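S.K.: Chains as they are written, first to last, in our numbering: chain R, 1 to 338; chain C, 1001 to 1338; chain V, 2001 to 2338; chain G, 3001 to 3338.
Be aware that a few hints might be false.
Unchecked claim - A few chain G residues that face chain V, going by a derived Cβ cut-off under 8 Å, partial list only:
#	residue
1	3049
2	3201
3	3208
4	3229
5	3231
6	3238
7	3239
8	3240
9	3244
10	3280
11	3282
12	3283
13	3284
14	3297
15	3299
16	3301
Claimed, not checked - Computed list of lysine-lysine pairs in BS3-like fashion (alpha-carbon distance at most 30 Å, straight line):
#	chain 1	residue 1	chain 2	residue 2
17	V	2271	V	2297
18	R	271	V	2005
19	C	1297	R	297
20	V	2303	G	3297
21	C	1271	G	3005
22	R	271	R	303
23	C	1271	R	297
24	R	116	C	1297
25	R	190	G	3116
26	G	3303	V	2297
27	V	2303	V	2271
28	C	1005	C	1297
29	R	303	C	1116
30	C	1271	C	1297
31	V	2116	G	3297
32	V	2005	V	2068
33	R	190	R	116
34	G	3116	V	2297
35	G	3005	G	3066
If you're looking for bench data, these hints aren't it; they were derived computationally from the structure.
Being a predicted model, the structure only gives us computed values, none of them experimental.
Just so you know, even glycine gets a beta-carbon here, dropped at the ideal spot from N, CA and C.
Protein chains: 4
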Amino acid sequence: MERVKVAVLGGSGYTAVELMKILLRHPGAEVAAVTSRQDEHVADLHPSLLGRLDLRCEPFDPDRLKAKGVRVAFGCLPHGTSMEAVPPLLDRGIRVIDLSADYRLRDPAVYREWYKEAHHDPANLARAVYGLPEVYGDRIATAELIANPGCYPQTAILGLAPLLANGLVEPAGIIVDSKSGVSGGGRTPKLPFHFPECNENFAAYSVGSHRHTPEIEQVLSDVAGRPVSVVFTPHLVPMDRGIFSTIYATPTRSVAEAELTELYRAYYAGKPFVRVRTTIPATKDTAGTNFLDVAVKVVRGGKVVVLAAEDNLVRGASGVAVQNFNRMFGFPETAGLL
Amino acid sequence: MERVKVAVLGGSGYTAVELMKILLRHPGAEVAAVTSRQDEHVADLHPSLLGRLDLRCEPFDPDRLKAKGVRVAFGCLPHGTSMEAVPPLLDRGIRVIDLSADYRLRDPAVYREWYKEAHHDPANLARAVYGLPEVYGDRIATAELIANPGCYPQTAILGLAPLLANGLVEPAGIIVDSKSGVSGGGRTPKLPFHFPECNENFAAYSVGSHRHTPEIEQVLSDVAGRPVSVVFTPHLVPMDRGIFSTIYATPTRSVAEAELTELYRAYYAGKPFVRVRTTIPATKDTAGTNFLDVAVKVVRGGKVVVLAAEDNLVRGASGVAVQNFNRMFGFPETAGLL
Amino acid sequence: MERVKVAVLGGSGYTAVELMKILLRHPGAEVAAVTSRQDEHVADLHPSLLGRLDLRCEPFDPDRLKAKGVRVAFGCLPHGTSMEAVPPLLDRGIRVIDLSADYRLRDPAVYREWYKEAHHDPANLARAVYGLPEVYGDRIATAELIANPGCYPQTAILGLAPLLANGLVEPAGIIVDSKSGVSGGGRTPKLPFHFPECNENFAAYSVGSHRHTPEIEQVLSDVAGRPVSVVFTPHLVPMDRGIFSTIYATPTRSVAEAELTELYRAYYAGKPFVRVRTTIPATKDTAGTNFLDVAVKVVRGGKVVVLAAEDNLVRGASGVAVQNFNRMFGFPETAGLL
Amino acid sequence: MERVKVAVLGGSGYTAVELMKILLRHPGAEVAAVTSRQDEHVADLHPSLLGRLDLRCEPFDPDRLKAKGVRVAFGCLPHGTSMEAVPPLLDRGIRVIDLSADYRLRDPAVYREWYKEAHHDPANLARAVYGLPEVYGDRIATAELIANPGCYPQTAILGLAPLLANGLVEPAGIIVDSKSGVSGGGRTPKLPFHFPECNENFAAYSVGSHRHTPEIEQVLSDVAGRPVSVVFTPHLVPMDRGIFSTIYATPTRSVAEAELTELYRAYYAGKPFVRVRTTIPATKDTAGTNFLDVAVKVVRGGKVVVLAAEDNLVRGASGVAVQNFNRMFGFPETAGLL
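Between the sequences and the hints, there should be enough to build the whole structure, so can you do that?
M.R.: This is the structure we're talking about:
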């Protein structure tokens, strides 16, 4: 079987290298091009790839990608930059799985509100499918443009979906207290991610203002069939990778823990990458994998507490991107991911 | 001025060594005895004390402590053990600052419910003063027995006290999402604290069942003047020390962030170890100190989010113990602690 | 093609879980049995395997393994225990890849000297092949019993082999200064590996007395064709995994760095898992892989400094075990390992 | 007693904040000025100082410092910058303790060779005293300009001094294999110190070319009374602070471990900050202190192995600076440092 030629756009960061590692194991994909402003061999940017991938970074040139036979491009570009690169690719018939935030929010006004700039490509927003296979799975196979979901939102969405789809919790004011490893901040050196600053340290950031908030609300409102609002607080954990979300919701009626666990198991039946647990999830159990582990608890006073864990670079970004790729090109959903 | 002779009971753990380091800097204290079942020189148990403290551990013997002129004992014993050691000390006129949980809960029935054993010394429960100087400061100077507060509870209590004292938030169902460094789990090797298990990992534990819950509720109910209930979820952070609590409360009326910050500043005026901030606290800013940093935010939807950080071994245990010692023996509140 | 049925002996530790993860990806292996004294489902011992491996641990019973069709057993048992399990397996025609130290040293007297107990199975010592494919590759395919190499020794041996095979450095008193992540200490909780003890800490241990010393010397003496002696100092690094060795040797003649690099490249040509670099290796470049990265430098004063890095659990244990398995059962050397 | 007014030059980095914390505890010092190009309150640069130091950074102006009554300036400036600031201070009678490398090497040609630029202030080189109290203690009290020693060199120098002073080891080709926490790299964000790059990673750097090499050799040659040469290899450890050096030397005659330990004890008698141990030092035992722990071992083959540990920011920089300050202004050597 011929491998599908893929391009990785913006090859210098953490999601890009994670993606390349997954694709190198994938039986049906071939990394045909890696673009970057850095004119270097890929393995010089990422020494872990020494001996694995013999490619030099090239400038972004959609015609050249087309000429190489690239059928799909994974965008690992920053938001704002991504929406410049996507239109010329789509115009040339190259499908795009965009890992940036640019095509996740349906309403350009919401984009402007949270990202503080106008959306430059509103025309393609309508074509974009939010690439969360467990929620929008039926639309992914035929999509030309996938808005790959954010890392934090997946834990909140998959953690709450069974409850909201069944009207079991109040949709307003759900609390999502999330904790992320530092690789979520990207590879550009900045003081908050300087080792002696964030090591042996724990703190919240972007309290009440993190850009993943509207993304969580948009998808959960779809799931619930009515407006959902969350209070979302991200924190930085001194570790490389992993996201853990502790979610607090108020049930609409008295619920039992065992009943909810069954509900989750039924909701995620046939979804190979969501593991419903009765023990407490931990990020390390999911490290380097595409699994999202979830448990649901009922505590004193009747509150529902959902615990969700994932690897932010795999499940939270590059792994789910390959899961989308598998659906788009007819591979088994788990190809390259186990 | 003659130094006050003190004993450290249970000298092998982390709170004990932290306490000894503080006391070695204190102008008015002298460590006259360290007790432990381990028959070793203190500096062999804690090589960081090499050349600092020339004492050998001795078995616990209240008469011997009395004979040495010990006026106060700091109890660094496990709960359950502590309430065996306290009565003979009090009987001999040795005051006690107990860092265990044994004398924190006023009602022995609540102790039994959460600690799964009967309280052996209910008679002394009534004498015990909860050693949180910012709340019970007027009672500490004359106390014979101090129940030194738990590490997590201090962040929850001091984080919420100004709001509850003023009736500004609903007293039921307040969410306290706390994160602690691993030293909070003590020095006895156990699998959850084995380096390759908890390093590069993040998870919740004791969801809905942590023993600090009734302690938080007891003190906050005192502050509020009516019953307060919390949903408390602790998490383990891969770092040595530090606690960060993210607290979510529902205001009883519309509130503005600046108004609340002013309220906190007024409430903690003259309290040298609570720092009210407008920036986001971080555990590292408090590392190795007795400071508890707190900020109060009002977020989308009107929820109040309080952020509180401290060092779990200093402020959360041994530092506040010395703060209590200072009040008990007439030293300036900050002696040995800056 | 039918998969080769394998057993994992001693399934509760870190090398076992790493091995199972590799085998689950291997196209030609099937994990047919996992033995342990712990009567639990494998995924309860290792939650990362949830949904991956549906096996319950069973007691060690060589007849039962034979009946299941197991053709090779990977021994992840402690030294001392391993040499009890190996003979009954070999007797039943089950080949063994032993990850313990029990069959690495040819001379039982040397075993007794370093491991402080007599060897119980000297008869099989002669059958054992030291499973370092880059050195003893021609003997592995037909071996019945593989003594899988130690983690530290591989960095020392592969770091020095090209020099010693060519008589380019003095064979006596070579200095091997090695640093290892904490998983090398195993999964049993002990104070030195308790998080608050080893986190934010760096120290040497077993100075002048580590048991990997004779193993390094035995193999390097084979390579050199004359006795080689080393001063080996291991250190503990506050990280999960990875070994880095800094090796100091005195050249027998004036040498140039470029010449040595070429020598290394020639020596390791066709060896897919040794990467000769001109940049400085780092453990993270090899994390989770079977690669051993090596660089050779000539510094002021003419000393040769070799830098070698590997993942201690993969290359240092379970990965090289699968590399041996591949040679023993006719799979490509890299099967399951890229 | 009137406190000595001091200035801290270059207040934004790690050695500066560490120094300020020590000085705030010092009974005889007053931080009268902090200079920086960053026009901010000191506590905004270093939130750990909130409530401790109410000073705003000011531009460097020697006249203004003089007018404020500053008697000594601690220079926490980068090398190259420091030698611009020192002459005007000395000209105004302000003594300087320079924590940069600018005045450590006696010979400007050596400076140029290793720092790749000409020395701008050779005139003052002759006035500078290398501020290692255990070696040059008699010259420090009256010095106008102290070249505060480097972090790595102190472990190498104090680790080897007793041996070299007594001619017990060969002076050529001594191997110093050193490992440092990341704060040694400073506070400016750079890729090698970006958390996800250096966390869970271990590697050597500057192999054969680190600038501390000539400093080590210069001082050890003084101690030995003849030229000493070292092979110095630094490594980066994923921890905040701490340096551990493993030193390999060849004895000039047969030596016994106990004999050497006694020699070290005699050599460091009366030196309060060097702790000679028979157990293995660990960086954590010295964390946050001015102690340098050292042990000497004799291993197989007769090699001498010295193990030395310190806190790189305290003993390695700001602590020893205060130790020098104490000698310069007549305070007890341990003032502010215990």
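S.K.: Hint by hint, say whether it matches the structure.
M.R.: Status of the hints after comparison with the structure:
no.: 1; hint: 3049; result: violated, 22 Å
no.: 2; hint: 3201; result: holds, 4 Å
no.: 3; hint: 3208; result: holds, 3 Å
no.: 4; hint: 3229; result: holds, 6 Å
no.: 5; hint: 3231; result: holds, 5 Å
no.: 6; hint: 3238; result: holds, 5 Å
no.: 7; hint: 3239; result: holds, 5 Å
no.: 8; hint: 3240; result: holds, 6 Å
no.: 9; hint: 3244; result: holds, 5 Å
no.: 10; hint: 3280; result: holds, 6 Å
no.: 11; hint: 3282; result: holds, 4 Å
no.: 12; hint: 3283; result: holds, 5 Å
no.: 13; hint: 3284; result: holds, 4 Å
no.: 14; hint: 3297; result: holds, 5 Å
no.: 15; hint: 3299; result: holds, 3 Å
no.: 16; hint: 3301; result: holds, 6 Å
no.: 17; hint: V/2271 <-> V/2297; result: holds, 21 Å
no.: 18; hint: R/271 <-> V/2005; result: holds, 29 Å
no.: 19; hint: C/1297 <-> R/297; result: holds, 28 Å
no.: 20; hint: V/2303 <-> G/3297; result: holds, 23 Å
no.: 21; hint: C/1271 <-> G/3005; result: holds, 29 Å
no.: 22; hint: R/271 <-> R/303; result: holds, 27 Å
no.: 23; hint: C/1271 <-> R/297; result: violated, 39 Å
no.: 24; hint: R/116 <-> C/1297; result: holds, 22 Å
no.: 25; hint: R/190 <-> G/3116; result: holds, 28 Å
no.: 26; hint: G/3303 <-> V/2297; result: holds, 23 Å
no.: 27; hint: V/2303 <-> V/2271; result: holds, 27 Å
no.: 28; hint: C/1005 <-> C/1297; result: violated, 44 Å
no.: 29; hint: R/303 <-> C/1116; result: holds, 24 Å
no.: 30; hint: C/1271 <-> C/1297; result: holds, 21 Å
no.: 31; hint: V/2116 <-> G/3297; result: holds, 22 Å
no.: 32; hint: V/2005 <-> V/2068; result: holds, 8 Å
no.: 33; hint: R/190 <-> R/116; result: holds, 21 Å
no.: 34; hint: G/3116 <-> V/2297; result: holds, 22 Å
no.: 35; hint: G/3005 <-> G/3066; result: holds, 10 Å
The earlier numbered hints that this structure contradicts are 1, 23, 28.
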